[in-house]
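Enquirer: Okay, here's what each chain looks like letter by letter:
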Amino acid sequence: MRFTTKTMLMALAGSTLLAGTATAELTGDLKIFLDTSNPAPRATMEQMISDFQGLHPDLNIETTIIDRDAYKTQIRNFLTADAPDVATWYAANRMTPFVEAGLFEDVSDLWEEPEIAEALASTKGAMTIDDKQWGVPYTYYQWGIYYRKDIYDELGLSEPANFEEMKSNCQAVIDSGRKCYTIGTKFLWTAGGWFDYLNMRTHGFDFHMDLAQGNVKWTDDRVRETFANWRELIDMGAFVENHQNYSWQESLPFLVNGEAASILKGNFAVAPLREAGLDDDKLDFYQFPTITDGIALAEDAPTDTFHIPAKAQNKEAAREFLRYLVSANVQTEINNGENLGQLPVNSKASVDDDKFLNEGFTMLSENSPGGVAQFFDRDFPAEMANEAMQGLQEFMVFPDNLDDILNRLDKVQERVYQ
Amino acid sequence: MTAIDPTIAAAKSQRGWYKRNEIAVTPWLFLAPAILFFVFYVVWPIYQSIAISFYDWDGLGEARFVGMDNYAELMDDSAFEVSLWNNLKWLLFYLLAIPGGLFIALFLNQTVTGIRIYKSLFFFPFVLSQVVVGLVFSWFYLPNEGLLNTVLGVFGMGPINVLGDPTLATYGIIAAGLWPQTAYCMILYLTGLNAVDPEQIEAGRLDGAKGWRMLWFIIIPQLKPATFIAFVVTIIGALRSFDLISVMTNGGPFGQTRVLSFYMFEKALSEYGFRMGYGAAIAVVLFLIMLVFIAYFLWSMWSEERGR
Numbered sequence: 005m006r007f008t009t010k011t012m013l014m015a016l017a018g019s020t021l022l023a024g025t026a027t028a029e030l031t032g033d034l035k036i037f038l039d040t041s042n043p044a045p046r047a048t049m050e051q052m053i054s055d056f057q058g059l060h061p062d063l064n065i066e067t068t069i070i071d072r073d074a075y076k077t078q079i080r081n082f083l084t085a086d087a088p089d090v091a092t093w094y095a096a097n098r099m100t101p102f103v104e105a106g107l108f109e110d111v112s113d114l115w116e117e118p119e120i121a122e123a124l125a126s127t128k129g130a131m132t133i134d135d136k137q138w139g140v141p142y143t144y145y146q147w148g149i150y151y152r153k154d155i156y157d158e159l160g161l162s163e164p165a166n167f168e169e170m171k172s173n174c175q176a177v178i179d180s181g182r183k184c185y186t187i188g189t190k191f192l193w194t195a196g197g198w199f200d201y202l203n204m205r206t207h208g209f210d211f212h213m214d215l216a217q218g219n220v221k222w223t224d225d226r227v228r229e230t231f232a233n234w235r236e237l238i239d240m241g242a243f244v245e246n247h248q249n250y251s252w253q254e255s256l257p258f259l260v261n262g263e264a265a266s267i268l269k270g271n272f273a274v275a276p277l278r279e280a281g282l283d284d285d286k287l288d289f290y291q292f293p294t295i296t297d298g299i300a301l302a303e304d305a306p307t308d309t310f311h312i313p314a315k316a317q318n319k320e321a322a323r324e325f326l327r328y329l330v331s332a333n334v335q336t337e338i339n340n341g342e343n344l345g346q347l348p349v350n351s352k353a354s355v356d357d358d359k360f361l362n363e364g365f366t367m368l369s370e371n372s373p374g375g376v377a378q379f380f381d382r383d384f385p386a387e388m389a390n391e392a393m394q395g396l397q398e399f400m401v402f403p404d405n406l407d408d409i410l411n412r413l414d415k416v417q418e419r420v421y422q
Numbered sequence: 013m014t015a016i017d018p019t020i021a022a023a024k025s026q027r028g029w030y031k032r033n034e035i036a037v038t039p040w041l042f043l044a045p046a047i048l049f050f051v052f053y054v055v056w057p058i059y060q061s062i063a064i065s066f067y068d069w070d071g072l073g074e075a076r077f078v079g080m081d082n083y084a085e086l087m088d089d090s091a092f093e094v095s096l097w098n099n100l101k102w103l104l105f106y107l108l109a110i111p112g113g114l115f116i117a118l119f120l121n122q123t124v125t126g127i128r129i130y131k132s133l134f135f136f137p138f139v140l141s142q143v144v145v146g147l148v149f150s151w152f153y154l155p156n157e158g159l160l161n162t163v164l165g166v167f168g169m170g171p172i173n174v175l176g177d178p179t180l181a182t183y184g185i186i187a188a189g190l191w192p193q194t195a196y197c198m199i200l201y202l203t204g205l206n207a208v209d210p211e212q213i214e215a216g217r218l219d220g221a222k223g224w225r226m227l228w229f230i231i232i233p234q235l236k237p238a239t240f241i242a243f244v245v246t247i248i249g250a251l252r253s254f255d256l257i258s259v260m261t262n263g264g265p266f267g268q269t270r271v272l273s274f275y276m277f278e279k280a281l282s283e284y285g286f287r288m289g290y291g292a293a294i295a296v297v298l299f300l301i302m303l304v305f306i307a308y309f310l311w312s313m314w315s316e317e318r319g320r
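Protein chains in written order, with the working numbering: chain A, 5 to 422; chain B, 13 to 320.
One should not assume that every hint holds.
Okay, the calculated beta carbon distance ranges per label pair [stated by the list, open to error]:
1) A:Leu-59 x B:Tyr-53: 39 to 49 Å
2) A:Glu-50 x B:Arg-76: 38 to 48 Å
3) B:Asn-156 x A:Thr-68: 39 to 49 Å
4) B:Ser-132 x A:Ala-44: 39 to 49 Å
Straight line, CA to CA, 20 Å or less: simulated SDA-like cross-link-like pairs of lysine to any residue [stated by the list, open to error]:
5) A:Lys-221 x A:Arg-419
6) A:Lys-136 x A:Glu-324
7) A:Lys-352 x A:Asn-333
8) B:Lys-236 x B:Val-208
9) A:Lys-415 x B:Asp-89
10) A:Lys-415 x B:Glu-85
11) A:Lys-415 x B:Asp-68
12) A:Lys-76 x B:Asn-262
13) A:Lys-415 x B:Arg-318
14) A:Lys-415 x B:Tyr-83
15) A:Lys-415 x B:Met-87
16) A:Lys-415 x B:Ser-90
The set of hints was computed from the structure by calculation and includes no laboratory data. By construction, the Cβ of each residue, glycine as well, lies at the ideal position given by its N, Cα and C atoms.
This is chain B alone, in the form it adopts within the complex:
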């Protein structure tokens, strides 16, 4: 009676390869489409960009291998330097969207009649296309007819041409970018505030915490996940800044508002751009800068997971 039925044993070994390895294989099958797309649309282009950056190529004819020449030229290119600094300004000042968003979220996190309308009004700029935001702000900044100069005129201050002044123009564009970005951070914080534990606030209140101390020691620590996401999207937004620049100044006056992504576009793909290799080299530099942040994001997410 303990003898194994030969037919069962046979059936077991006859079960398909997939059946035998089901548990090991299935996750990979589910991952396969994502991996495939990631390899084709992300990893492969990164490799290609790096490869092209070693060539002198106009996008049409023969590519000529030039080694590190493109990078050597970048080191000596004042327009590249300007773009790099502008990228830094974007990274730094764009972060103002986070405290700005938090402030508005705290302000709106109350129950008065019609609060929903106020909330949606504050959220409104985020829904607008960046092109519209750019247009609205460039009208706002217009040297003669613009609202900004009319308002400044009321206070007796002289007209300023924000977008025509090489030192001010970048800040002008960042300010325009902050408008929708602040709204985005506000939404993140509003949802975060919903999840704040009322018992902890109660406990804090019993211990005599009020105002700033309440905010700093009780509320903000609980908003940490929202802050992290706000930080991530703001950094990404700063590095992706392109449309606003293109709409508001087209990189000008004389190239003083370019950032790396815009400069890359101009060198490689715009009307006069025929330098694929040089553009690719700029893209690689931008990628390396992004890599710093990507590494940081991955690391902090990973340590979060492990901490659980």
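Chain A on its own, in the form it takes in the complex:
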């Protein structure tokens, strides 16, 4: 803390007023660590925090923004050594290691407060481990197929409703000399998205979660059926070649240049695609089609979260910050198209008037009866996810190696879930 006249005066004022203001006047330091290092989210968060500062002028807020990927490894160090008061992370199984090690604060008390309990009910499950809540969400986004509407129009195709149509559409796209789907699997997780959808559409949400929890073997025949469906697409030549060389960003030009007709991705792909020149007439969205009839549709909708480390110094201020963060107004503001461009977690917040956000919101709130999954690498334990995603990538390049891959994953499964 820098000692300026202002802070001295404020400290003085604070100490003299201390007796009088027993209400929620927050003082002290509030250290916030963020992984929102991309330009738009970064600006959004900084604005939101400075608004919070405006409400609590006596609070000395220190914000540290860490590169999103570096954050994933650094969090282990700072949670154990020099903990901030508030830190971002991800929902579901990605919290488990820190919850088990006692590094996240139990915030079940916040979830008992009526405003949060009602408004955030839909995401409670993703924040719960051992019947306790370990943080609050601040944003989520839908996954689905983003496609080139102009190419579909040119070929006279419409959005597919089932797997047969999906394949026949794809065949038409291939016949026109393009690829159906672009994907970059260099960093593996993109393949996890495909597996999530194929598995949830083939056997449903509950089966997918059983696999995530290790109750089903990877060599199970039902898992093989999922891979068989995937293989149909691979054998058709539906995916761009050499996808193992590209990151997801590097896979986007195929879509932009019209060499591929669609991509299975989260809503975060919209911003770079728009920037690359695909306006709303050219880019459209549809829900991943049904594969097995009668299976309730379930979606991937990864949720990003805020947590209070167990070793935080100013937990009172941290809790107030979380309350502020999830309140309806703030949720409306930070998730709008100019800021994060994602969906608000508070049911009383309003969704920004954006084509893709509206479609995604409707899909998740009305057409996802099966359930909402987080994402492959958030639902499966980290180690299992890592090995499995390598297997998925290998399968996409060499589908014939499937037996070998599944046997290997069974072995990993035995060790991880023991």
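Starting from the structure of chain A, add chain B where the hints point.
Expert: Chain B in isolation, oriented as in the chain A frame:
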């Protein structure tokens, strides 16, 4: 008159402990900082790694002692096997930098106008960061737009996806690594060539040595010190290969380009890595491999010293 002045004797015994032991102690005092750092930053971590390798530990919670379980699992781990083989490939093919460097050094060891510029151009890749080298080569190898495939296309050969092909990818990365490493060896040999004794060359020439025989029997023996250093830095470079792999393929496709150091990082410290014990076990294996070379280097340096 022969009586010793009692004051002098007293002064002698009164001289401080340090003064009395100055010759024995001073070298240790000078060595102390180095020894301290070596113990803290090298010996102690080695001990810690070995200790951690007997535990099952996620880096956060309680460590559980599992004895040799981590090592037993390594024996059965196909990814470990792949990494070990890749390390071997690196060790073997990286050594190509030595003859390569020698060849370029011989080629550049002449006096023409502008030779300094040529020399610095050849040395240039060594100055680049490994990350830049990795990026440049991954663009070079790009399956559609890359220069390599354009050149191959001119000769009517089909496009190959070097970094996407599990059998080729490791060689592709080693080739990228050879670019700066060859430059390094070249510099070592260029300085070595400066020290070659012209009288011996003269004598050889009088005896009718030319071309290869001159090189093999007269020049190369005199370059022995340079060769030794080139060998040491190349072996170390091969075992340290990490940045190129991380930049060019991130260990992929499906883990086929990992080496031990990368695999250790992935298991213990990466985004999904929560197995400190297992990572430490991999590190210990890597250490044992290095130990073979370290022993050899120390032994050859020691016998050199004694031979003098």
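Enquirer: Hint by hint, say whether it matches the structure.
Expert: Comparing the hints with the structure gives:
For A:Leu-59 paired with B:Tyr-53, a C-beta distance near 48 Å keeps the hint of 39 to 49 Å intact. A hinted range of 38 to 48 Å holds for the C-beta pair A:Glu-50 and B:Arg-76, which are about 43 Å apart. For the pair B:Asn-156 and A:Thr-68, the supplied restraint of 39 to 49 Å holds, since their beta-carbon distance comes to about 40 Å. A hinted range of 39 to 49 Å holds for the C-beta pair B:Ser-132 and A:Ala-44, which are about 44 Å apart.
For the hint linking A:Lys-221 to A:Arg-419, the alpha-carbon distance of about 12 Å falls within 20 Å, and the restraint holds. For the proposed pair A:Lys-136 and A:Glu-324, the alpha carbon gap of about 19 Å is at most 20 Å, so the pair holds. For the hint pairing A:Lys-352 with A:Asn-333, the CA-to-CA distance comes to about 9 Å; that is within 20 Å, so the pair holds. Distance check on the hinted pair: B:Lys-236 and B:Val-208 sit about 11 Å apart at the alpha-carbon level, within 20 Å; holds.
Between the alpha carbons of A:Lys-415 and B:Asp-89 the distance comes to roughly 10 Å, so the proposed pair stays at or under 20 Å and holds. A hinted pair counts as satisfied when its Cα atoms are at most 20 Å apart, and A:Lys-415 with B:Glu-85 qualifies at roughly 11 Å. Between A:Lys-415 and B:Asp-68 the alpha-carbon distance is near 17 Å, which keeps this suggested pair within the 20 Å criterion. Taking the CA atoms of A:Lys-76 and B:Asn-262, the gap is about 16 Å. The hint holds against a cut of 20 Å.
Proposed proximity of A:Lys-415 and B:Arg-318 is contradicted: the alpha carbons are some 54 Å apart, above 20 Å. For the hint linking A:Lys-415 to B:Tyr-83, the alpha-carbon distance of about 16 Å falls within 20 Å, and the restraint holds. For the hint pairing A:Lys-415 with B:Met-87, the CA-to-CA distance comes to about 14 Å; that is within 20 Å, so the pair holds. For the suggested pair A:Lys-415 and B:Ser-90, the alpha carbons sit about 11 Å apart, so the restraint of at most 20 Å is met.
Comparing the model with each numbered hint stated earlier shows that hint 13 is the single one that does not hold.
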